[in-house]
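> Residue numbers (this note's numbering), protein chains in the order written: chain V, 1 to 421; chain L, 1 to 104; chain Z, 1 to 37.
No lab work stands behind these hints, which were simulated from the structure alone.
All values derive from a computational prediction rather than experimental measurement.
Treat the hints loosely; a few may be bogus.
Mimicking SDA-like on lysine to any residue, the simulated pairs with C-alpha atoms at most 20 Å apart in a straight line are [to be verified]:
#  : chain 1 : residue 1 : chain 2 : residue 2
1  : V       : K168      : L       : F32
2  : L       : K36       : Z       : S23
3  : V       : K65       : V       : T126
4  : V       : K171      : Z       : I30
5  : V       : K168      : Z       : S29
6  : L       : K36       : V       : E235
7  : L       : K36       : V       : Q72
8  : L       : K36       : L       : D13
9  : V       : K65       : V       : E302
10 : V       : K168      : L       : N34
11 : L       : K36       : Z       : S29
12 : V       : K168      : L       : A17
13 : V       : K168      : V       : V100
14 : V       : K171      : V       : N233
15 : L       : K36       : V       : D127
16 : V       : K171      : L       : K36
17 : V       : K375      : V       : R53
18 : L       : K36       : Z       : I30
19 : V       : K375      : V       : A39
20 : L       : K36       : V       : Q75
21 : V       : K168      : L       : K36
22 : V       : K188      : V       : V231
23 : V       : K65       : V       : D97
24 : L       : K36       : V       : T197
25 : L       : K36       : V       : M74
Not everything, but these chain L residues come out facing chain V in the computed CB check (under 8 Å) [claimed, not checked]:
#  : residue
26 : A19
27 : R21
28 : E23
29 : P24
30 : F25
31 : Y30
32 : F32
C-beta atoms are modelled at their ideal positions from N, C-alpha and C, and glycine is treated no differently.
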Amino acid sequence: MTILETRPVIARPEGGSLIEQFELGLDAPICLTWELTYACNLECAHCLSSSGRRDPRELSTEQCKAVIDELQRMQVFYVNIGGGEPTIRPDFWELLDYAVSHDVGVKFSTNGVRLNPERARVLASTDYVDVQISLDGATPEVNDYVRGPGSFDTAITALQNLQDAGFKDAKISVVCTRQNIGQLDEFKAIADQYGATLRLTRLRPSGRGADVWDELHPLPEQQRELYDWLVANGENVLTGDSFFHLSAFGVADGGGALPGLNLCGAGRVVCLIDPIGDVYACPFAIHDNFLAGNVLADGGFETVWQRSELFTELRSPQTSGACTSCAFFDACRGGCMAAKFFTGLPLDGPDPECVRGFGEDALASGDRVLPPQGKDHSKANPTRNQPVMLTLSRRDDALAVQATRPPVSACAENPLAGFTL
Amino acid sequence: MTTTDQMLAEPWDLSPAVALRPEPFGAMAYHFGNRKLTFLKRMQLVDVVRGLSAHPDVRRALQAAGVAEAQWPGYVAALQGLAATDMIRPRATSEAHSVQEGAA
Amino acid sequence: MSIDAPTTEVTAPETDTTVTAESLIEEVSIDGMCGVY
Chain V
1 MTILETRPVI ARPEGGSLIE QFELGLDAPI CLTWELTYAC NLECAHCLSS
51 SGRRDPRELS TEQCKAVIDE LQRMQVFYVN IGGGEPTIRP DFWELLDYAV
101 SHDVGVKFST NGVRLNPERA RVLASTDYVD VQISLDGATP EVNDYVRGPG
151 SFDTAITALQ NLQDAGFKDA KISVVCTRQN IGQLDEFKAI ADQYGATLRL
201 TRLRPSGRGA DVWDELHPLP EQQRELYDWL VANGENVLTG DSFFHLSAFG
251 VADGGGALPG LNLCGAGRVV CLIDPIGDVY ACPFAIHDNF LAGNVLADGG
301 FETVWQRSEL FTELRSPQTS GACTSCAFFD ACRGGCMAAK FFTGLPLDGP
351 DPECVRGFGE DALASGDRVL PPQGKDHSKA NPTRNQPVML TLSRRDDALA
401 VQATRPPVSA CAENPLAGFT L
Chain L
1 MTTTDQMLAE PWDLSPAVAL RPEPFGAMAY HFGNRKLTFL KRMQLVDVVR
51 GLSAHPDVRR ALQAAGVAEA QWPGYVAALQ GLAATDMIRP RATSEAHSVQ
101 EGAA
Chain Z
1 MSIDAPTTEV TAPETDTTVT AESLIEEVSI DGMCGVY
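Work out the full structure: start from the sequences and follow the hints.
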């Protein structure tokens, strides 16, 4: 969280590729993610921000507007607003209007809960706003398993409302998991049906994702399936550049790298502002190790972006250790920093899902230490929205606890002796 | 006339929906309407693009930016690339006080 | 130390005569950056 006294001087090569320039950082992010609140009506099993409960230190409406003013001044053209569920902030619509009327385009990421027909009509008539609906299964069974009962219906209803209101080109954002990789064609069909664009993104072991990653992350053969599908169908499919670790597939058989910068943008061209104003390198890296500063405590977002010690370090040439000697390093660049960190792998080693299998080897070696949980804003007590996936794991935990207790005596008088919920 | 020659004689402007943001190595152009993002990788090109509206034709914008004539084909090709994504637009000829009316 | 120290070196004068469109402009997708929702 150190902020440097003065702006670091960066020697830039003349010319050089765009990627080389980006790796050295920019005066402002190209775009960034801004989590408006940790409050959420859902309890998705894999939530990257461990959301559920509002943090009492959340930025106020005025503080949020001050951030927007700074983004305008820095000419950040586009901000991705998420959470938690951003639309359950009472001032969400006010902040949305404020942003788009101050030269900051907005895409907001939502589970759809507040997108009734009236709101959809308002959105359809607002310029510079994009809507992204989260969906992790092409059927209620697959989706609701991780996102909670009724969440599939909520998302589809929102898509329908947007379409009916004439909103053009909403996004459907899917986190690719072991359970939904077989539904890629169906996801595309849903997007086509509602006039939306499909977006596929990578599951990272971040936030609550760390707890479910072993069960949910795609198997090696599924990664191949995903890569092949993107090569064949990906022209109208967005990926947020989140699969550059799969680009090594393309090197071997000439399929080519997937579209995108194939670059880890953390702290260089993107970053995260969290609900209390903390600035992290990336939304998948909400952890003290990747905390650059705070907009309130450190003099504003621009100061943090330009002068934080963490970002300065990320903008210097990175060591990638053993990976640099791999023939496919140019394609994958060592993979995702957050994925490595949260699986306890060293940052200068292979990605846990390295397509050559080096990540699996590293995971199996048993040397890794998982980092302690970062911020956890999960709901204290599960609600009726709790996804079945979490219910099952809790039941397993309860059974495991029960198994360690001594057996109840046959003479126990209390009929509930030994009974655990 | 070649396409390059044609364009050299035409007046062009930055599209109103485009914002130009300086970068250490050039500039970033973002089109709020079609959401295209284009990097201008040389300061000289940025000067040309910024100067388009102030000149009666592309030729004079290139000259004002100090671009050597030998490089004009490359720069015009770049401008055509920008035109293809509506980053720049031909100047409307119906303007009452068009710059080209007073062209030398 | 001055607060507003320059952050980049001044680029050398242009001498290249074979400038191409690719060397001058590059389009990227605003949705194609990793680290965004």
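> Hint by hint, which ones does the structure fall short of?
The structure conflicts with no hint, since it agrees with every one listed earlier.
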